[in-house]
Amino acid sequence: MTESFVRSDISRMPHTVLFAGGGSGGHISPGLAIAEALRSIDARCTCHFAPSDREIDRAMLTRADESFTPMPARPPKRSPGGLSDFIRGWRRTFRVSCELMRERKIDRVVALGGFVSAPVVSAAKREGLPVLLLNLDRVPGLANRMVARKADQVFSAVQTIRHGTHWPTIGLPIRSAAASRGTAEAARSELGLDPDRPTLLITGASQGAKTINELAPELCMANAFCRSHWQVLHLCGDDSLTDALQHRWQQGGVRARVVPFLHEMGLAWTAASLCISRAGANSVAEAWAAAVPTIFLPYPHHRDQHQRFNAEPMVDLGGAVLVEDAADADRTRHALAPVFADLVEDAGARNAMREALVQESPGNAAAQVANA
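Counting in this note's numbering, the sequence shown tops out at residue 379, every number present.
These are calculated hints, taken from the structure and not from any lab test.
Predicted model, so just to flag it, every value in this text is computed and none were measured.
Backbone N, C-alpha and C define an ideal beta-carbon position, used for all residues, glycine too.
You can trust all of the hints, since none of them are fake.
Pairwise CB distance ranges (calculated):
| hint | residue 1 | residue 2 | range |
| --- | --- | --- | --- |
| 1 | R133 | R65 | 24 to 34 Å |
| 2 | Q253 | G135 | 44 to 54 Å |
| 3 | Q366 | Q160 | 24 to 34 Å |
| 4 | C105 | E225 | 46 to 56 Å |
| 5 | D335 | T23 | 42 to 52 Å |
| 6 | R65 | E331 | 31 to 41 Å |
Straight-line Cα separation of at most 27 Å, DSSO-like style, residue types lysine-lysine; simulated pairs:
| hint | residue 1 | residue 2 |
| --- | --- | --- |
| 7 | K132 | K112 |
| 8 | K157 | K112 |
| 9 | K132 | K84 |
| 10 | K157 | K132 |
| 11 | K84 | K217 |
| 12 | K84 | K157 |
Generate the whole structure from the sequences, applying the supplied hints.
Right, here's the structure in full:
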């Protein structure tokens with residue numbers, strides 16, 4: 008299905024493409040991957056992004072040297088004033104998008120999902136532009152279900168499980184900066200780590216995760232084998248936490264490097280022997296593509312529990328373990344500690360998980376685009 012999608016759609020895309028979506032790195036990264044692939048097919052292709060006005064979107068797109076216009080869209084909330092903010096943001100985003108599409112002579116819109124994409128897609132249909140939706144999660148959210156009704160074509164990075172959303176599955180596009188490459192030893196050296204030590208990657212994705220930031224150091228410090236044999240690369244998601252977490256690791260006797268976010272995620276995945284992560288679609292796809300054994304703690308407060316469903320295929324394959332975040336530190340610690348200890352201390356178990364992932368690699372949809 009991926010190949011037919013590539014040949015019939017992406018490879019014939021016009022030369023001015025608008026990517027609509029944002030609010031997290033997980034929405035931006037697939038767009039960057041597709042933009043890379045489009046330019047590899049035709050260097051004349053022009054790409055522009057319509058992300059949210061959140062800092063993570065700005066940082067990622069600036070680092071990638073992509074042009075973008077932040078949108079004033081707001082996610083729907085049940086809090087007082089939440090509905091009015093959502094409606095106001097929708098109307099403003101619709102107006103700004105229409106102007107942007109005319110000014111930049113946009114030919115096609117690729118929707119990447121999330122609260123930004125819906126008003127941009129509405130504007131695209133007003134302007135008579137074709138829309139392609141790439142769904143990222145196994146349980147499509149409300150915005151994607153709305154966009155799907157207006158889109159000319161819909162594809163999913165993963166097999167969906169919600170009734171009425173059985174769209175063709177193509178895999179997740181992974182940008183070159185997030186793809187594993189080279190040797191673990193070389194990646195660790197480039198990251199300022201010991202090239203010969205097994206490395207634990209801790210990440211809550213682009214926005215960090217409070218539970219993971221708090222519990223992961225406790226688990227490592229309480230495990231003598233981890234303290235003496237391992238090192239940690241901790242992506243905490245928040246620059247204001249970096250110094251305090253770095254000090255905490257040092258006080259606990261664990262070798263660690265703490266950074267808020269790593270644009271060259273491919274280095275992190277290549278360096279990693281084991282990962283503790285949330286289970287956003289992008290995190291799952293990158294961990295799987297890099298064949299990194301992973302302990303997933305899905306974000307517990309989504310009503311549709313889509314992160315848990317995102318992780319299940321990798322868990323079913325034997326390449327990951329899912330631990331429920333009980334939204335209670337003691338209960339989560341109790342569930343996580345034995346799983347963590349087993350994998351830290353058993354290289355054979357990690358190797359078996361890695362081999363399972365290698366045998367069933369989902370591939371990189373962006374690379375297939377480039378080679379089509």
